[in-house]
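2 protein chains.
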Amino acid sequence: MTRIAPAVLLAAFSLAANAVEVKSPDGKVAVDFDVKNGVPTYSMTFDGKTVIKPSTLGLELVNANDLMDGFNIVGSETSAFDETWQPVWGETKDIRNHYNELLVKLRQTSTDRFMNLRFRVYDDGMGFRYEFPQQKNLVYFVVKDEHSQFAMNGDHTAWWIPGDYDTQEYDYTESRLSQIRGLMEGAITDNASQTQFSPTGVQTSLQMKTDDGLYINLHEAALVDYSCMHLNLDDKNMVFESWLTPDAQGNKGHLQAPAKTPWRTVIVSDDARDMLSSNLILNLNEPCVYTDTSWIKPVKYVGVWWEMIGGGKQWSYTFDLPSVKLETLDYSQTKPHGQHPANNENVKKYIDFAAEHGFDQVLVEGWNIGWEDWFGNSKDYVFDFQTPYPDFDIKMLNDYAHSKGVRLMMHHETSGSVRNYERHMEAAYDLMDKYGYNSVKSGYVGNMIPRGEHHYGQWLNNHYLYAVTEAAKHKIMVNAHEAVRPTGLCRTYPNLIGNESARGTEYESFAGNKPSHTTVLPFTRLQGGPMDYTPGIFEMDMKKVNPNSQGHVNSTLARQLALYVTMYSPLQMAADVPEVYNRFMDAFQFIKDVPVDWDESRYLEAEPGQYIVAARKRKGGDDWYVGCTSGENGHASTLSLDFLEPGKKYEATIYADAPDAHYQNNPQAYVISKKKVDAKTRLKMKAAPGGGYAISIKPMK
Amino acid sequence: MTRIAPAVLLAAFSLAANAVEVKSPDGKVAVDFDVKNGVPTYSMTFDGKTVIKPSTLGLELVNANDLMDGFNIVGSETSAFDETWQPVWGETKDIRNHYNELLVKLRQTSTDRFMNLRFRVYDDGMGFRYEFPQQKNLVYFVVKDEHSQFAMNGDHTAWWIPGDYDTQEYDYTESRLSQIRGLMEGAITDNASQTQFSPTGVQTSLQMKTDDGLYINLHEAALVDYSCMHLNLDDKNMVFESWLTPDAQGNKGHLQAPAKTPWRTVIVSDDARDMLSSNLILNLNEPCVYTDTSWIKPVKYVGVWWEMIGGGKQWSYTFDLPSVKLETLDYSQTKPHGQHPANNENVKKYIDFAAEHGFDQVLVEGWNIGWEDWFGNSKDYVFDFQTPYPDFDIKMLNDYAHSKGVRLMMHHETSGSVRNYERHMEAAYDLMDKYGYNSVKSGYVGNMIPRGEHHYGQWLNNHYLYAVTEAAKHKIMVNAHEAVRPTGLCRTYPNLIGNESARGTEYESFAGNKPSHTTVLPFTRLQGGPMDYTPGIFEMDMKKVNPNSQGHVNSTLARQLALYVTMYSPLQMAADVPEVYNRFMDAFQFIKDVPVDWDESRYLEAEPGQYIVAARKRKGGDDWYVGCTSGENGHASTLSLDFLEPGKKYEATIYADAPDAHYQNNPQAYVISKKKVDAKTRLKMKAAPGGGYAISIKPMK
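Same order as they appear, the protein sequences are chains A and B.
My numbering puts the first residue of the first sequence at 1, with every later residue one more than the last.
My numbering puts the first residue of the second sequence at 1, with every later residue one more than the last.
Heads up, some of the hints might be wrong.
All copies of an identical chain are treated as equivalent in the list; a pair is satisfied when it fits inside any one copy or across any two copies.
As the list claims (entries may be wrong) - Simulated pairs of lysine-lysine, DSBU-like, Cα-Cα distance not exceeding 35 Å: (1) Lys105 <-> Lys619; (2) Lys105 <-> Lys473; (3) Lys648 <-> Lys684; (4) Lys592 <-> Lys49; (5) Lys475 <-> Lys53; (6) Lys648 <-> Lys144; (7) Lys297 <-> Lys325; (8) Lys395 <-> Lys53; (9) Lys36 <-> Lys680; (10) Lys53 <-> Lys619; (11) Lys209 <-> Lys28; (12) Lys236 <-> Lys434; (13) Lys434 <-> Lys144; (14) Lys136 <-> Lys325; (15) Lys680 <-> Lys105; (16) Lys701 <-> Lys260; (17) Lys698 <-> Lys144; (18) Lys36 <-> Lys675; (19) Lys349 <-> Lys136; (20) Lys93 <-> Lys434; (21) Lys514 <-> Lys335; (22) Lys473 <-> Lys325; (23) Lys325 <-> Lys475; (24) Lys236 <-> Lys674; (25) Lys619 <-> Lys36; (26) Lys209 <-> Lys23; (27) Lys473 <-> Lys434; (28) Lys313 <-> Lys53.
These aren't lab readings, by the way, just hints derived from the structure by calculation.
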């Protein structure tokens with residue numbers, strides 16, 4: 001369907017002299033905009049219920065008059081849009097972008113400056129952004145802070161992490177808004193780089209549920225050339241206000257008109273599953289800018305990684321050097337400590353395993369010189385991204401991988417030293433071209449260099465996108481860890497195939513994640529883009545992996561399988577080590593089977609913090625995959641398989657928690673059964689506490 | 001002469017239990033080092049006179065024990081060195097590097113950390129630096145400040161500019177040290193980027209003269225991967241202390257052992273001319289690192305520049321755009337304002353002029369898109385360094401230049417947006433290769449981006465050197481304006497052929513320079529490296545150049561000629577416009593004749609603030625050139641030409657101020673005369689106030 005021509009209707013929907021309204025195509029979502037006492041104000045309802053009470057908008061500027069008040073509406077236009085587009089990769093083959101739009105033009109009388117607000121209202125929510133047209137009296141301006149309010153209509157339940165300029169790697173806390181302040185201190189666990197700003201500051205996306213059953217999600221879309229938004233709560237009045245990430249000088253954004261902010265988004269429904277299936281964030285982003293996307297392909301991978309994260313082995317090569325200088329580094333003078341898994345023999349082993357079991361790529365961390373002192377030293381020239389360790393033969397290993405139909409996956413840990421990364425980026429990407437790498441996992445562990453900048457400030461957001469667009473010139477896909485949380489840019493730049501930007505599986509090894517963690521992440525972190533969660537851990541008792549570890553993976557094995565379905569991502573790692581998988585080859589079969597790209601996706605059941613059940617159909621195929629992840633209480637339900645093609649017969653292989661399974665005491669107890677099913681089948685399923693189940697459903701021949 | 005093997009002499013020169021001394025080869029300069037109450041202390045004398053009273057050394061660290069006291073000497077070594085080397089370009093063919101060295105090894109008992117101090121003592125001064133050997137208890141450390149003192153033995157006269165983290169473009173003030181505080185405010189004139197730090201803070205190099213006739217110069221050599229040093233004066237006790245430039249967080253340096261600071265230098269003599277002829281700063285730098293230097297050649301150039309600086313014309317192309325975005329810029333939609341001298345016809349005119357008069361290159365500023373809003377907007381993506389304006393045909397003009405035996409000189413104004421410059425640097429240098437440019441004038445006008453960093457901090461010093469070493473890969477020479485003042489790195493990287501980094505000729509157009517300015521600059525700014533002063537202005541009344549201007553060039557025409565001799569530089573511009581030179585072709589002949597590279601140089605007469613008379617012999621030739629620049633009082637003297645080859649006959653062409661010349665009232669009054677001279681000749685010469693003279697002395701056939 002194509003775009004309907006815009007209709008210019010001055011105050012056609014006006015409710016009062018200065019007010020305008022726009023509704024969703026189905027009429028259930030309504031957004032009202034007004035200028036009250038010169039202050040831009042909006043509100044939102046869903047099905048007649050208040051989602052956002054009247055909330056003000058505006059920007060405070062540095063050394064210039066603020067854009068907070070003194071406004072009049074000088075024009076408004078509404079239009080409708082309806083188009084279906086196909087993502088390069090995704091949960092569904094088609095995505096419908098259907099909205100009604102309201103563009104309000106404001107003029108600040110005393111300064112003769114213009115500011116527009118654009119609202120796009122969908123059946124499942126809305127987004128709005130500020131726009132600053134080219135104009136005489138507003139050219140270059142510096143944002144002191146943005147003051148976009150989101151006034152909540154009650155003391156909602158929220159799933160939140162502490163607001164922080166440098167990390168998102170926190171467990172989620174479920175609490176009422178009024179409890180955030182008291183729970184904040186306990187929610188802040190240690191991180192290599194962290195900077196909180198308020199006892200009631202939280203990050204987006206923020207998932208909430210009202211007492212009358214509305215689910216509300218706040219986030220942003222299309223974060224380009226701007227500072228990342230957090231939300232600061234006035235917990236007397238239950239009003240959230242945007243709180244941007246500062247730069248090294250404390251300013252929050254440098255803009256040049258014509259300019260626009262990212263979209264501030266509100267997804268709403270009375271059905272939790274709509275939070276998960278919403279495409280609002282992607283739809284607000286610009287279409288793909290690449291003419292050729294044939295080189296962008298979802299990736300299933302294994303890797304030399306958990307041996308270090310879980311197994312306690314090293315990225316480094318030697319303990320002989322207290323510190324290294326890449327300019328003068330000579331490993332031939334040192335003694336290897338023998339705990340370096342990124343070596344020729346071990347990598348070949350992973351390549352063999354990947355080839356045998358149908359994986360696309362093998363990630364190798366610790367392949368390059370410099371790891372001896374990479375962490376915590378604010379080191380500028382920390383890596384060169386090109387020189388391998390003496391025991392990593394980059395040519396031989398890539399040739400070997402290719403001979404087996406597998407690729408190596410590159411690793412660029414930047415250690416937060418971003419000028420250094422940019423200086424080496426061209427050579428690093430050239431090296432990847434030379435040896436046949438087409439994807440890179442990048443990282444930004446530790447405090448940023450340029451010192452004073454934060455991970456989520458405008459400066460770094462510009463860098464992350466630069467790394468992606470430069471990679472595209474080399475037909476390279478990027479999976480950026482510790483970068484800013486995604487905001488749907490993967491629609492525009494689909495070689496951004498993943499981010500971490502949340503607390504991932506590695507924390508199961510460090511400190512454990514809450515067993516409900518993966519029942520929250522899709523509501524929160526996965527809005528805006530997939531996560532490289534790296535699931536698939538089969539050995540939960542970390543002491544068996546590393547005698548020095550106290551860790552425990554708070555998940556059953558069956559739930560680990562389910563995550564390949566419930567945690568949608570075009571990039572999926574089977575993160576454990578081959579030796580462990582070899583002991584559970586029957587369970588591993590699910591990981592081998594599960595696709596990473598889909599034609600259809602259905603969220604069958606969902607409640608944040610409790611359970612998620614999803615079903616997906618392989619892209620270009622007829623097989624379906626179902627996954628369930630649950631929290632502390634487990635989850636029992638009856639699944640209807642009515643998404644299957646009527647009249648067709650399938651064989652379902654069910655990987656479920658054993659009846660006595662439990663994430664803590666008995667995680668590896670699973671039962672695999674086969675069953676003939678069809679669209680009429682109803683399955684009684686039960687997930688253990690911190691457990692789940694995974695089902696592959698393949699048409700019978 | 002070759003290096004004498006080091007002699008390890010533990011306390012061989014010791015004066016007391018803990019004290020050591022090292023003297024210059026001729027014995028006149030003595031440096032004593034001691035640890036008094038655990039504090040490293042040094043002092044210096046020249047010919048028995050105190051140059052530096054006992055002064056302490058040390059570093060204050062961030063979040064770590066300071067390196068200020070608690071030291072013992074655990075070893076010392078002395079050695080001697082004597083080697084003559086040939087610079088790629090310079091004032092003389094040979095440079096003798098002859099010193100005695102003292103290396104003192106200190107241990108801080110309580111922390112078991114080691115710090116060395118290395119002193120090199122020359123006949124004309126000394127340098128010292130801190131060294132931090134590889135060691136267990138000092139690996140990564142952050143400098144809060146360096147506390148190197150230079151205690152003066154009296155209220156010396158000094159020629160100083162205000163200490164500033166971002167600019168050196170101040171007129172020099174001549175005063176006693178005790179007067180600095182009272183004169184500071186008046187000394188601070190406006191600049192696009194400036195940050196003072198103390199009412200008694202000054203920059204290096206600092207030139208002083210004691211009441212008993214000693215000249216003392218303080219500076220630094222080999223500023224690599226460190227913050228630039230200013231001097232803060234305790235004006236009760238007349239003690240200078242190092243004051244480094246902070247980064248965005250207020251820290252002053254990030255070091256990783258093994259590390260060394262730059263050399264802190266003290267040049268001393270009872271003869272002012274020795275200040276100018278000293279090679280101490282170059283000698284302390286590392287030898288040239290390039291194996292091939294055949295592509296590095298001194299340059300004499302003209303350029304499209306004064307038309308804008310003096311003439312009020314524009315770098316930009318149009319007035320139609322309040323601001324530009326390079327991504328979407330389309331000049332075809334705009335109307336050119338017609339004041340853009342960087343256009344095809346005009347540039348060809350300069351090429352013709354250069355070819356006719358034997359100049360090597362033609363600088364063109366304003367050739368590239370983006371100048372409409374480059375200044376004062378803290379704009380990140382301000383230039384792309386590649387795309388010409390519609391009226392600048394980069395291929396045609398370079399071909400045209402080459403057909404005439406001339407090159408164009410590239411211009412990279414960065415507007416202080418340094419990440420942007422580094423992102424484009426490879427492509428920018430490639431473009432230069434493609435069109436046959438081999439030299440670039442770069443600029444850093446305005447506040448730095450990354451915001452919060454300063455022009456002279458460690459971050460930017462690293463960048464300036466990066467730009468030079470990257471340029472070398474393309475066989476490109478660099479002339480960096482607004483960069484950190486040079487510290488002799490041109491010995492190591494001789495493609496760094498110039499810096500501005502001081503108040504240059506452009507200020508004659510803006511506000512006028514003091515008529516004595518060029519009698520001070522060689523004492524101060526020229527220590528450490530040449531200056532692209534861009535002299536040769538023949539029209540002093542700026543109103544004749546630009547009706548809107550009130551400016552006046554505070555110099556006689558004859559003195560402008562002299563500057564090509566007195567302001568040594570391998571890069572010299574004839575900065576005025578061809579139309580003006582055409583009116584004074586007889587005087588212009590000197591500029592045409594004067595070389596830019598020398599076998600010999602003599603400073604005949606010199607007094608800071610008063611006069612400088614220099615004589616130089618062409619590299620590989622027999623002709624000599626003499627120049628005199630004088631201050632407010634003019635200068636009369638009798639010159640001995642005994643530097644000429646005995647027995648040889650020469651013809652001297654003397655370009656002198658007319659008897660009634662004066663920089664203010666009658667600057668263009670000059671007299672040209674010819675004279676047969678030889679080594680026995682004595683010339684009675686007179687320079688007007690703010691005047692001078694230039695003499696070319698060519699062997700008679």
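Okay, the hints, checked on the actual structure:
Taking identical chains as interchangeable, the C-alpha atoms of Lys105 and Lys619 are never at most 35 Å apart, the minima being 43 Å within one chain and 70 Å between chains. Taking the shortest Cα distances, Lys105 and Lys473 never come within 35 Å of each other, neither inside one copy (38 Å) nor across copies (53 Å). Within a single copy, Lys648 and Lys684 get their C-alpha atoms as close as 21 Å, which meets the 35 Å cut-off; across copies the closest is 114 Å, which misses it. Taking CA atoms no more than 35 Å apart as the test, Lys592 paired with Lys49 passes in neither setting, with 46 Å inside one copy and 85 Å between copies.
When the C-alpha separation of Lys475 and Lys53 is checked against a cutoff of 35 Å, the pair qualifies neither within a copy, at 46 Å, nor between copies, at 65 Å. Proximity of Lys648 to Lys144 under the C-alpha cut-off of 35 Å is found in neither arrangement, the shortest distances being 61 Å within a copy and 74 Å between copies. For the homomeric pair Lys297 and Lys325, the shortest alpha-carbon distance between copies (33 Å) is at most 35 Å, but the shortest distance inside one copy (37 Å) is not. In this homomeric assembly, Lys395 and Lys53 never come within 35 Å of each other (Cα to Cα): the closest approach is 61 Å inside a single copy and 62 Å across copies.
In this assembly of identical chains, the alpha carbons of Lys36 and Lys680 never lie at most 35 Å apart, being 56 Å within a copy and 93 Å across copies at closest. With identical chains, the CA atoms of Lys53 and Lys619 are never at most 35 Å apart, being 42 Å at best within one copy and 82 Å at best between copies. In this assembly of identical chains, the alpha carbons of Lys209 and Lys28 lie at most 35 Å apart only when taken from the same copy (18 Å versus 85 Å across copies). In the homo-oligomer, the alpha carbons of Lys236 and Lys434 never lie at most 35 Å apart, since the shortest distance is 59 Å inside one protomer and 65 Å across protomers.
For the identical chains of this complex, Lys434 and Lys144 are neighbours neither inside a copy (45 Å) nor across copies (44 Å), given an alpha-carbon limit of 35 Å. Within a single copy, Lys136 and Lys325 get their C-alpha atoms only as close as 51 Å, which misses the 35 Å cut-off; across copies the closest is 15 Å, which meets it. In the homo-oligomer, the alpha carbons of Lys680 and Lys105 never lie at most 35 Å apart, since the shortest distance is 54 Å inside one protomer and 86 Å across protomers. For the homomeric pair Lys701 and Lys260, neither the shortest alpha-carbon distance inside one copy (54 Å) nor that between copies (74 Å) is at most 35 Å.
Proximity of Lys698 to Lys144 under the C-alpha cut-off of 35 Å is found in neither arrangement, the shortest distances being 56 Å within a copy and 66 Å between copies. For the identical chains of this complex, Lys36 and Lys675 are neighbours neither inside a copy (63 Å) nor across copies (88 Å), given an alpha-carbon limit of 35 Å. Within a single copy, Lys349 and Lys136 get their C-alpha atoms no closer than 64 Å, and across copies no closer than 38 Å, so neither meets the 35 Å cut-off. For the homomeric pair Lys93 and Lys434, the shortest alpha-carbon distance inside one copy (33 Å) is at most 35 Å, but the shortest distance between copies (46 Å) is not.
For the identical chains of this complex, Lys514 and Lys335 are neighbours neither inside a copy (40 Å) nor across copies (64 Å), given an alpha-carbon limit of 35 Å. In this assembly of identical chains, Lys473 and Lys325 lie within 35 Å of each other by CA distance both inside one copy and across copies; the values are 31 Å within and 22 Å between. In this assembly of identical chains, the alpha carbons of Lys325 and Lys475 lie at most 35 Å apart whether taken from the same copy (32 Å) or from different copies (27 Å). When the C-alpha separation of Lys236 and Lys674 is checked against a cutoff of 35 Å, the pair qualifies neither within a copy, at 55 Å, nor between copies, at 92 Å.
In the homo-oligomer, the alpha carbons of Lys619 and Lys36 never lie at most 35 Å apart, since the shortest distance is 50 Å inside one protomer and 79 Å across protomers. Proximity of Lys209 to Lys23 under the C-alpha cut-off of 35 Å is restricted to the intra-copy arrangement: shortest distance 22 Å within a copy versus 81 Å between copies. In this assembly of identical chains, the alpha carbons of Lys473 and Lys434 lie at most 35 Å apart whether taken from the same copy (14 Å) or from different copies (21 Å). For the homomeric pair Lys313 and Lys53, neither the shortest alpha-carbon distance inside one copy (53 Å) nor that between copies (56 Å) is at most 35 Å.
Figure legend: structure checked against the earlier numbered hints; hints not met, in rising order: 1, 2, 4, 5, 6, 8, 9, 10, 12, 13, 15, 16, 17, 18, 19, 21, 24, 25 and 28.
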